[in-house]
Amino acid sequence: MAQQSSQPERLKPNRYVLKLKHATVTYDVTAIDGKPHLTYQVLEGPASRTFIGDQIRIQESAIGTLVTVTLEAIPDDKATLLTLLLPVINLVGTTEQDFATLGVTTTERSSIAGPSLVNGVVQTYREKKVEGKAQFVET
-16 MAQQSSQPER LKPNRYVLKL KHATVTYDVT AIDGKPHLTY QVLEGPASRT
34 FIGDQIRIQE SAIGTLVTVT LEAIPDDKAT LLTLLLPVIN LVGTTEQDFA
84 TLGVTTTERS SIAGPSLVNG VVQTYREKKV EGKAQFVET
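Going letter by letter, the sequence shown gives residues -16 to 122 in this note's numbering.
Honestly, the hints are just simulated from the structure, not real lab data.
Quick caveat: nothing in here was measured; it's all calculated off a predicted structure.
Each hint should be verified, as a subset may be incorrect.
[Unchecked claim] Straight-line C-alpha distance at most 27 Å; calculated DSSO-like pairs for lysine-lysine: (1) LYS111 to LYS61; (2) LYS111 to LYS2; (3) LYS61 to LYS4; (4) LYS116 to LYS2; (5) LYS111 to LYS(-5); (6) LYS116 to LYS18; (7) LYS112 to LYS(-5).
[As the list claims (entries may be wrong)] Distance windows between CB atoms, simulated: (8) ASP16 to LEU54: 19 to 25 Å; (9) ILE57 to PHE82: 31 to 37 Å; (10) ILE57 to GLN80: 36 to 42 Å; (11) LEU54 to GLU(-8): 33 to 39 Å.
Where a beta carbon is used, it is the ideal one built from N, C-alpha and C, also for glycine.
Make the full structure from the sequences, and use the hints.
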């Protein structure tokens, strides 16, 4: 008679709630419509932005998943991007796990002809410490 394994089920998070200094970000890997959703909520003030589907750029890397959205785009001036680094997390015996990671705000200078014609440094970065919760949420 074969013994059944009593190891708890290993779940992958499908929601991340992240606290930045001046904002809260909620990222759903796949929402009810089958697309990723990311909400950026400024803590003081009414500013809230929701990004859906291809407005969110997701890239797997050797150090985790990079999730990027464009917070602001001013033609012939600059774009501001927010990138969150999400580590691999296995939820074992729980549906929630606290974690710490990094967020990077990138400012990319541009011109009417595109960033390739900007003189000097085109991209600058500001790093942010991020505290978060990775969750598995039934949908």
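Here's how the hints hold up against the structure:
1. LYS111 to LYS61: Measuring from Cα to Cα gives roughly 20 Å; hence the hint holds.
2. LYS111 to LYS2: With Cα atoms ~10 Å apart, LYS111 and LYS2 stay inside 27 Å; holds.
3. LYS61 to LYS4: holds, 23 Å
4. LYS116 to LYS2: Measuring from Cα to Cα gives roughly 9 Å; hence the hint holds.
5. LYS111 to LYS(-5): holds, 25 Å
6. LYS116 to LYS18: holds, 20 Å
7. LYS112 to LYS(-5): At roughly 23 Å apart (the allowed maximum being 27 Å), LYS(-5) and LYS112 satisfy the hint.
8. ASP16 to LEU54: 19 to 25 Å: holds, 22 Å
9. ILE57 to PHE82: 31 to 37 Å: With a Cβ separation near 33 Å, ILE57 and PHE82 satisfy 31 to 37 Å, so the hint holds.
10. ILE57 to GLN80: 36 to 42 Å: holds, 38 Å
11. LEU54 to GLU(-8): 33 to 39 Å: holds, 37 Å
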